[in-house]
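Asks: When you get a sec, could you build the whole thing from the sequences and use the hints?
Quick note on numbering: the numbering used here labels position 22 of the sequence shown as 8, and the sequence is numbered without any gaps.
Note that these hints are calculated values from the structure, not bench results. Be aware that a few hints might be false.
Unchecked claim - DSSO-like mimics (lysine-lysine), calculated; alpha carbons at most 30 Å apart, straight line:
#  : residue 1 : residue 2
1  : K36       : K18
2  : K18       : K57
3  : K23       : K81
4  : K319      : K308
5  : K36       : K105
6  : K87       : K355
7  : K57       : K81
8  : K134      : K105
9  : K355      : K81
10 : K308      : K231
11 : K319      : K196
12 : K308      : K321
13 : K196      : K134
14 : K105      : K286
15 : K355      : K334
16 : K87       : K59
17 : K342      : K59
18 : K321      : K342
19 : K59       : K23
20 : K134      : K231
21 : K355      : K342
22 : K18       : K87
23 : K196      : K231
24 : K308      : K286
25 : K23       : K355
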Amino acid sequence: MSHFASTAATGETQMYMNFWYVAAEGRELTDKPMHLKMLGQDFVLFRDSKGAAHCLSNTCVHRGASLAHGKVKGDNIECPYHGWQFGGADGVCAKIPSLGKDGKIPARAKVDSYPVQEKYGLAFCFLGDLPEAERVPIMDIEEWNDPKWRFTTLAYDWRADWQRAMENSLDPAHTEFVHPSMGYQGGREDYNVPDLDVVEHAWGVGTMTKFVSPDLPHEKMKGLKGEGQMEAGSTTWGIGQSVTKLHFSPVTWAHQYTFTTPVDEHHIKRWFLQGRNFRTDEAMDAPVNERNMVVVDQDKQVVTRLEPFFTPASHVEEVMVKADAVIVRFREKLKGYEAQGWRIDVEKANALRENKAFAIPSPARRTNKGWALDPVPVFGPSAVAAQAAAE
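Replies: Next comes the structure, spelled out in C-alpha coordinates:
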(Lines of atoms letter the chains of each structure in order from A and count residues from 1; the text may use other names and numbers.)
(Lines give C-alpha, C1' and ligand atoms only; values in the text may rest on other atoms or scores of the structure.)
Protein backbone atom coordinates (compact mmCIF):
# COMPACT_ATOMS: atom_id res chain seq x y z
CA MET A 1 0.00 0.00 0.00
CA SER A 2 1.50 3.34 -1.03
CA HIS A 3 0.94 5.97 1.64
CA PHE A 4 3.07 9.07 1.34
CA ALA A 5 5.59 8.44 4.13
CA SER A 6 7.43 11.37 5.71
CA THR A 7 10.99 10.93 6.85
CA ALA A 8 11.14 13.09 9.97
CA ALA A 9 8.76 13.30 12.88
CA THR A 10 8.10 16.69 14.49
CA GLY A 11 6.58 18.11 17.63
CA GLU A 12 3.47 19.18 15.77
CA THR A 13 0.02 17.76 16.35
CA GLN A 14 -0.32 14.00 16.42
CA MET A 15 -3.43 12.71 14.67
CA TYR A 16 -3.84 9.02 13.92
CA MET A 17 -5.85 7.00 11.45
CA ASN A 18 -6.96 3.38 12.01
CA PHE A 19 -9.15 4.06 15.03
CA TRP A 20 -12.86 4.51 15.69
CA TYR A 21 -13.99 8.12 16.05
CA VAL A 22 -17.39 9.50 16.97
CA ALA A 23 -18.78 11.55 14.10
CA ALA A 24 -22.15 12.55 15.53
CA GLU A 25 -25.02 11.39 17.68
CA GLY A 26 -27.13 8.81 15.89
CA ARG A 27 -30.24 10.97 16.10
CA GLU A 28 -28.47 13.64 14.03
CA LEU A 29 -28.10 11.38 10.99
CA THR A 30 -30.95 11.47 8.46
CA ASP A 31 -31.43 11.20 4.72
CA LYS A 32 -30.08 14.75 4.47
CA PRO A 33 -26.31 14.71 3.95
CA MET A 34 -24.20 15.94 6.87
CA HIS A 35 -20.80 17.52 6.28
CA LEU A 36 -18.16 16.79 8.93
CA LYS A 37 -14.45 17.30 9.36
CA MET A 38 -12.40 14.71 11.24
CA LEU A 39 -8.62 14.32 11.37
CA GLY A 40 -8.39 17.41 9.16
CA GLN A 41 -10.29 15.70 6.31
CA ASP A 42 -13.84 16.20 5.04
CA PHE A 43 -16.57 13.56 5.17
CA VAL A 44 -20.24 13.17 4.32
CA LEU A 45 -22.59 11.14 6.51
CA PHE A 46 -26.16 10.09 5.73
CA ARG A 47 -28.75 7.37 6.15
CA ASP A 48 -29.85 5.31 3.16
CA SER A 49 -33.32 4.07 2.24
CA LYS A 50 -33.08 1.31 4.88
CA GLY A 51 -31.92 3.67 7.62
CA ALA A 52 -28.32 2.42 7.60
CA ALA A 53 -25.69 5.07 8.37
CA HIS A 54 -22.82 5.67 5.95
CA CYS A 55 -19.63 7.73 6.00
CA LEU A 56 -17.78 8.62 2.79
CA SER A 57 -14.89 10.84 1.81
CA ASN A 58 -16.55 14.12 0.87
CA THR A 59 -14.61 14.95 -2.30
CA CYS A 60 -16.18 13.86 -5.58
CA VAL A 61 -13.45 12.25 -7.67
CA HIS A 62 -14.88 13.75 -10.87
CA ARG A 63 -14.21 17.47 -10.40
CA GLY A 64 -13.80 17.88 -6.64
CA ALA A 65 -17.28 18.95 -5.56
CA SER A 66 -18.55 18.53 -1.99
CA LEU A 67 -20.80 15.46 -1.85
CA ALA A 68 -22.31 16.73 1.40
CA HIS A 69 -23.96 19.51 -0.58
CA GLY A 70 -25.70 16.99 -2.82
CA LYS A 71 -28.71 14.75 -2.20
CA VAL A 72 -29.35 11.23 -0.98
CA LYS A 73 -30.92 9.15 -3.73
CA GLY A 74 -32.02 5.80 -2.35
CA ASP A 75 -28.83 4.17 -1.09
CA ASN A 76 -26.51 6.58 -2.93
CA ILE A 77 -25.20 10.10 -2.45
CA GLU A 78 -25.58 12.30 -5.52
CA CYS A 79 -22.95 14.92 -6.35
CA PRO A 80 -24.46 18.41 -6.74
CA TYR A 81 -22.14 19.29 -9.64
CA HIS A 82 -22.78 16.69 -12.35
CA GLY A 83 -25.12 14.19 -10.69
CA TRP A 84 -22.66 11.35 -10.22
CA GLN A 85 -23.96 8.90 -7.61
CA PHE A 86 -21.82 6.91 -5.18
CA GLY A 87 -23.00 3.96 -3.09
CA GLY A 88 -23.05 4.53 0.62
CA ALA A 89 -21.98 0.97 1.43
CA ASP A 90 -18.94 0.81 -0.86
CA GLY A 91 -18.34 4.28 -2.34
CA VAL A 92 -18.43 2.88 -5.88
CA CYS A 93 -19.95 5.12 -8.54
CA ALA A 94 -23.35 3.77 -9.57
CA LYS A 95 -24.40 6.43 -12.06
CA ILE A 96 -22.84 9.02 -14.37
CA PRO A 97 -25.71 10.83 -16.13
CA SER A 98 -23.55 12.29 -18.90
CA LEU A 99 -22.58 8.78 -20.08
CA GLY A 100 -26.19 7.76 -20.65
CA LYS A 101 -27.88 4.70 -19.23
CA ASP A 102 -25.62 2.26 -21.11
CA GLY A 103 -22.35 4.10 -20.52
CA LYS A 104 -19.43 2.25 -18.94
CA ILE A 105 -18.47 3.71 -15.58
CA PRO A 106 -14.67 3.97 -15.10
CA ALA A 107 -13.24 1.64 -12.44
CA ARG A 108 -11.51 4.61 -10.77
CA ALA A 109 -14.87 6.31 -10.19
CA LYS A 110 -15.11 5.53 -6.48
CA VAL A 111 -14.67 7.31 -3.16
CA ASP A 112 -13.57 5.90 0.17
CA SER A 113 -16.38 4.47 2.30
CA TYR A 114 -15.72 3.89 6.00
CA PRO A 115 -17.22 1.35 8.43
CA VAL A 116 -19.87 2.80 10.74
CA GLN A 117 -21.11 1.39 14.06
CA GLU A 118 -23.88 2.87 16.17
CA LYS A 119 -23.46 2.35 19.92
CA TYR A 120 -24.47 4.29 23.02
CA GLY A 121 -26.50 6.68 20.86
CA LEU A 122 -23.36 7.66 18.93
CA ALA A 123 -22.24 7.05 15.35
CA PHE A 124 -18.65 5.76 15.25
CA CYS A 125 -16.63 5.80 12.02
CA PHE A 126 -13.52 3.70 11.49
CA LEU A 127 -11.13 6.07 9.75
CA GLY A 128 -8.48 3.81 8.32
CA ASP A 129 -7.74 0.82 6.14
CA LEU A 130 -7.27 -2.02 8.64
CA PRO A 131 -9.32 -5.16 7.99
CA GLU A 132 -12.04 -5.84 10.55
CA ALA A 133 -10.11 -8.51 12.45
CA GLU A 134 -7.23 -6.10 13.16
CA ARG A 135 -9.22 -3.08 14.38
CA VAL A 136 -9.22 -2.00 18.00
CA PRO A 137 -12.81 -2.35 19.20
CA ILE A 138 -14.87 0.58 20.43
CA MET A 139 -14.49 1.10 24.18
CA ASP A 140 -17.03 -1.00 26.04
CA ILE A 141 -19.51 0.65 28.40
CA GLU A 142 -20.29 -2.40 30.47
CA GLU A 143 -22.96 -0.64 32.57
CA TRP A 144 -24.89 0.69 29.55
CA ASN A 145 -27.71 -1.85 29.72
CA ASP A 146 -27.62 -2.33 33.49
CA PRO A 147 -30.93 -1.11 34.98
CA LYS A 148 -29.09 -0.13 38.17
CA TRP A 149 -27.24 2.57 36.25
CA ARG A 150 -28.50 5.73 34.56
CA PHE A 151 -26.62 7.63 31.84
CA THR A 152 -26.59 11.22 30.66
CA THR A 153 -24.85 12.58 27.55
CA LEU A 154 -23.11 15.89 26.89
CA ALA A 155 -21.37 17.14 23.74
CA TYR A 156 -19.03 20.10 23.54
CA ASP A 157 -16.33 21.67 21.37
CA TRP A 158 -12.93 23.03 22.35
CA ARG A 159 -10.18 24.84 20.52
CA ALA A 160 -7.48 22.51 21.80
CA ASP A 161 -5.01 19.80 20.89
CA TRP A 162 -6.73 16.45 21.38
CA GLN A 163 -3.64 15.01 23.09
CA ARG A 164 -3.56 17.83 25.62
CA ALA A 165 -7.22 17.13 26.41
CA MET A 166 -6.62 13.39 26.79
CA GLU A 167 -3.62 13.89 29.05
CA ASN A 168 -5.69 16.19 31.24
CA SER A 169 -8.25 13.40 31.64
CA LEU A 170 -5.47 11.05 32.76
CA ASP A 171 -3.78 13.53 35.10
CA PRO A 172 -4.27 12.48 38.76
CA ALA A 173 -2.73 15.67 40.18
CA HIS A 174 -4.86 18.35 38.55
CA THR A 175 -8.09 17.54 40.40
CA GLU A 176 -6.91 19.08 43.68
CA PHE A 177 -6.41 22.47 42.04
CA VAL A 178 -8.67 22.63 38.97
CA HIS A 179 -11.88 21.20 40.45
CA PRO A 180 -12.86 22.88 43.75
CA SER A 181 -15.71 20.42 44.26
CA MET A 182 -13.22 17.54 44.41
CA GLY A 183 -10.12 19.11 45.95
CA TYR A 184 -8.86 21.76 48.35
CA GLN A 185 -6.52 23.81 46.09
CA GLY A 186 -3.54 22.60 48.07
CA GLY A 187 -5.02 23.76 51.38
CA ARG A 188 -4.15 20.52 53.15
CA GLU A 189 -0.57 20.24 54.36
CA ASP A 190 -0.64 16.46 53.99
CA TYR A 191 -1.67 16.57 50.29
CA ASN A 192 0.35 14.44 47.88
CA VAL A 193 -0.16 12.06 44.99
CA PRO A 194 0.97 8.57 46.00
CA ASP A 195 3.11 6.40 43.78
CA LEU A 196 0.93 5.34 40.88
CA ASP A 197 0.26 1.76 39.90
CA VAL A 198 0.00 2.29 36.14
CA VAL A 199 -1.89 -0.53 34.45
CA GLU A 200 -1.36 -1.14 30.75
CA HIS A 201 -3.61 -3.08 28.40
CA ALA A 202 -3.35 -3.77 24.68
CA TRP A 203 -4.85 -0.43 23.66
CA GLY A 204 -4.30 1.92 26.57
CA VAL A 205 -3.03 2.81 30.03
CA GLY A 206 -4.62 3.90 33.27
CA THR A 207 -4.43 4.19 37.02
CA MET A 208 -6.60 4.56 40.12
CA THR A 209 -5.65 6.61 43.17
CA LYS A 210 -7.18 7.66 46.48
CA PHE A 211 -7.53 11.23 47.70
CA VAL A 212 -9.50 13.31 50.19
CA SER A 213 -12.53 15.04 48.70
CA PRO A 214 -15.11 17.50 50.09
CA ASP A 215 -18.88 17.10 49.89
CA LEU A 216 -20.51 17.38 46.48
CA PRO A 217 -21.71 20.99 46.23
CA HIS A 218 -25.03 20.76 44.39
CA GLU A 219 -28.01 21.21 46.71
CA LYS A 220 -29.66 17.99 45.54
CA MET A 221 -26.43 16.06 46.08
CA LYS A 222 -25.74 17.20 49.62
CA GLY A 223 -25.68 14.31 52.02
CA LEU A 224 -24.57 11.91 49.30
CA LYS A 225 -21.28 11.46 51.10
CA GLY A 226 -19.31 13.08 53.85
CA GLU A 227 -15.85 14.48 53.49
CA GLY A 228 -13.44 11.62 53.24
CA GLN A 229 -11.35 9.37 51.05
CA MET A 230 -12.42 8.94 47.46
CA GLU A 231 -11.01 6.64 44.79
CA ALA A 232 -10.73 7.85 41.22
CA GLY A 233 -8.73 7.27 38.07
CA SER A 234 -8.80 7.19 34.30
CA THR A 235 -7.92 4.68 31.59
CA THR A 236 -7.44 5.33 27.88
CA TRP A 237 -8.69 3.16 25.06
CA GLY A 238 -7.04 3.57 21.67
CA ILE A 239 -7.09 7.15 20.46
CA GLY A 240 -9.52 9.64 21.94
CA GLN A 241 -11.47 7.26 24.17
CA SER A 242 -11.19 7.12 27.96
CA VAL A 243 -13.12 6.25 31.09
CA THR A 244 -12.85 8.07 34.40
CA LYS A 245 -14.13 6.17 37.43
CA LEU A 246 -15.24 8.15 40.48
CA HIS A 247 -15.87 5.96 43.52
CA PHE A 248 -17.34 8.18 46.23
CA SER A 249 -17.74 5.15 48.49
CA PRO A 250 -17.46 1.36 48.11
CA VAL A 251 -20.96 1.30 46.59
CA THR A 252 -21.58 4.82 45.23
CA TRP A 253 -19.99 5.18 41.82
CA ALA A 254 -20.00 7.39 38.74
CA HIS A 255 -18.24 6.33 35.54
CA GLN A 256 -17.52 8.94 32.88
CA TYR A 257 -16.86 7.77 29.31
CA THR A 258 -15.33 10.41 27.06
CA PHE A 259 -15.01 10.12 23.28
CA THR A 260 -12.73 12.74 21.71
CA THR A 261 -12.63 13.35 17.96
CA PRO A 262 -9.92 15.63 16.52
CA VAL A 263 -11.73 17.87 14.03
CA ASP A 264 -8.41 19.24 12.85
CA GLU A 265 -5.13 20.07 14.53
CA HIS A 266 -6.67 22.96 16.48
CA HIS A 267 -10.19 21.78 17.32
CA ILE A 268 -11.83 18.82 19.03
CA LYS A 269 -15.35 17.61 19.66
CA ARG A 270 -16.08 15.50 22.73
CA TRP A 271 -18.98 13.35 23.82
CA PHE A 272 -19.22 12.83 27.57
CA LEU A 273 -21.39 9.94 28.78
CA GLN A 274 -21.73 9.64 32.54
CA GLY A 275 -23.27 6.66 34.24
CA ARG A 276 -24.24 6.69 37.92
CA ASN A 277 -25.53 3.98 40.23
CA PHE A 278 -27.06 6.44 42.71
CA ARG A 279 -29.94 8.90 42.48
CA THR A 280 -31.00 7.24 39.23
CA ASP A 281 -34.30 9.08 38.94
CA GLU A 282 -34.73 11.21 35.82
CA ALA A 283 -35.09 14.37 37.91
CA MET A 284 -31.38 14.13 38.76
CA ASP A 285 -30.27 14.22 35.11
CA ALA A 286 -30.33 18.02 34.85
CA PRO A 287 -28.40 18.63 38.10
CA VAL A 288 -25.86 15.98 37.09
CA ASN A 289 -25.33 17.51 33.65
CA GLU A 290 -25.16 20.98 35.19
CA ARG A 291 -22.41 19.88 37.54
CA ASN A 292 -20.59 18.01 34.79
CA MET A 293 -20.54 21.11 32.58
CA VAL A 294 -19.04 23.09 35.45
CA VAL A 295 -16.25 20.52 35.67
CA VAL A 296 -15.82 20.53 31.87
CA ASP A 297 -15.47 24.31 31.87
CA GLN A 298 -12.90 24.16 34.67
CA ASP A 299 -10.80 21.81 32.54
CA LYS A 300 -11.34 23.98 29.46
CA GLN A 301 -10.00 27.08 31.21
CA VAL A 302 -6.70 25.27 31.76
CA VAL A 303 -6.31 23.05 28.69
CA THR A 304 -7.11 25.72 26.09
CA ARG A 305 -4.44 28.01 27.55
CA LEU A 306 -1.54 25.55 27.65
CA GLU A 307 1.73 26.54 25.96
CA PRO A 308 2.86 25.36 23.56
CA PHE A 309 -0.47 24.58 21.95
CA PHE A 310 0.66 21.07 20.98
CA THR A 311 2.16 18.54 23.36
CA PRO A 312 5.97 18.86 23.29
CA ALA A 313 7.76 16.27 21.22
CA SER A 314 10.15 15.34 24.03
CA HIS A 315 10.02 15.03 27.83
CA VAL A 316 13.19 17.15 27.86
CA GLU A 317 10.99 20.18 27.20
CA GLU A 318 9.00 19.52 30.39
CA VAL A 319 9.81 18.72 34.03
CA MET A 320 7.96 15.49 34.80
CA VAL A 321 7.44 14.05 38.29
CA LYS A 322 6.05 10.79 39.66
CA ALA A 323 2.43 11.97 39.34
CA ASP A 324 2.99 12.15 35.56
CA ALA A 325 3.84 8.45 35.24
CA VAL A 326 0.57 7.53 33.54
CA ILE A 327 0.98 10.38 31.03
CA VAL A 328 4.48 9.20 30.17
CA ARG A 329 3.12 5.71 29.51
CA PHE A 330 0.32 7.16 27.36
CA ARG A 331 2.87 8.94 25.19
CA GLU A 332 4.77 5.69 24.80
CA LYS A 333 1.57 4.11 23.49
CA LEU A 334 1.29 6.85 20.89
CA LYS A 335 4.82 6.15 19.70
CA GLY A 336 3.77 2.56 19.14
CA TYR A 337 0.88 3.66 16.93
CA GLU A 338 3.23 5.95 15.03
CA ALA A 339 5.60 3.04 14.46
CA GLN A 340 2.71 1.27 12.73
CA GLY A 341 2.58 4.11 10.19
CA TRP A 342 -0.74 5.45 11.51
CA ARG A 343 0.29 9.01 12.38
CA ILE A 344 -0.87 11.53 9.79
CA ASP A 345 1.65 14.11 8.60
CA VAL A 346 -0.69 17.07 9.08
CA GLU A 347 1.93 19.66 8.21
CA LYS A 348 2.63 18.05 4.84
CA ALA A 349 -1.06 17.56 4.05
CA ASN A 350 -1.79 21.20 4.86
CA ALA A 351 1.11 22.42 2.73
CA LEU A 352 -0.33 20.62 -0.31
CA ARG A 353 -4.01 21.28 0.42
CA GLU A 354 -4.59 23.97 -2.21
CA ASN A 355 -3.16 21.77 -4.95
CA LYS A 356 -4.11 18.25 -3.87
CA ALA A 357 -7.08 16.56 -2.22
CA PHE A 358 -6.33 13.61 0.05
CA ALA A 359 -8.47 10.91 1.63
CA ILE A 360 -8.05 8.77 4.72
CA PRO A 361 -7.50 5.33 3.12
CA SER A 362 -10.47 3.01 3.64
CA PRO A 363 -10.38 -0.80 4.03
CA ALA A 364 -11.31 -1.21 0.35
CA ARG A 365 -7.88 0.08 -0.64
CA ARG A 366 -6.37 -3.14 0.70
CA THR A 367 -7.96 -5.11 -2.12
CA ASN A 368 -9.05 -2.60 -4.76
CA LYS A 369 -6.54 -0.61 -6.78
CA GLY A 370 -6.89 2.51 -8.87
CA TRP A 371 -7.96 5.42 -6.66
CA ALA A 372 -8.21 9.01 -7.82
CA LEU A 373 -7.31 10.59 -4.48
CA ASP A 374 -3.99 9.89 -2.81
CA PRO A 375 -4.05 8.68 0.80
CA VAL A 376 -3.09 11.22 3.45
CA PRO A 377 0.66 11.43 4.04
CA VAL A 378 1.84 9.61 7.15
CA PHE A 379 5.04 9.29 9.14
CA GLY A 380 6.85 6.13 8.17
CA PRO A 381 8.87 3.81 10.43
CA SER A 382 12.10 5.60 9.47
CA ALA A 383 10.74 8.82 10.98
CA VAL A 384 10.01 7.07 14.27
CA ALA A 385 13.49 5.57 14.41
CA ALA A 386 15.07 8.97 13.74
CA GLN A 387 13.04 10.59 16.51
CA ALA A 388 13.96 7.85 18.99
CA ALA A 389 17.64 8.27 18.16
CA ALA A 390 17.39 12.03 18.71
CA GLU A 391 15.92 11.53 22.19
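Asks: Could you run down the list of hints and mark each one as holding or not?
Replies: Okay, the hints, checked on the actual structure:
no., hint, result
1, K36 to K18, "14 Å, holds"
2, K18 to K57, "7 Å, holds"
3, K23 to K81, "26 Å, holds"
4, K319 to K308, "18 Å, holds"
5, K36 to K105, "18 Å, holds"
6, K87 to K355, "25 Å, holds"
7, K57 to K81, "14 Å, holds"
8, K134 to K105, "19 Å, holds"
9, K355 to K81, "20 Å, holds"
10, K308 to K231, "21 Å, holds"
11, K319 to K196, "25 Å, holds"
12, K308 to K321, "21 Å, holds"
13, K196 to K134, "25 Å, holds"
14, K105 to K286, "27 Å, holds"
15, K355 to K334, "24 Å, holds"
16, K87 to K59, "16 Å, holds"
17, K342 to K59, "28 Å, holds"
18, K321 to K342, "28 Å, holds"
19, K59 to K23, "23 Å, holds"
20, K134 to K231, "16 Å, holds"
21, K355 to K342, "19 Å, holds"
22, K18 to K87, "26 Å, holds"
23, K196 to K231, "12 Å, holds"
24, K308 to K286, "24 Å, holds"
25, K23 to K355, "25 Å, holds"
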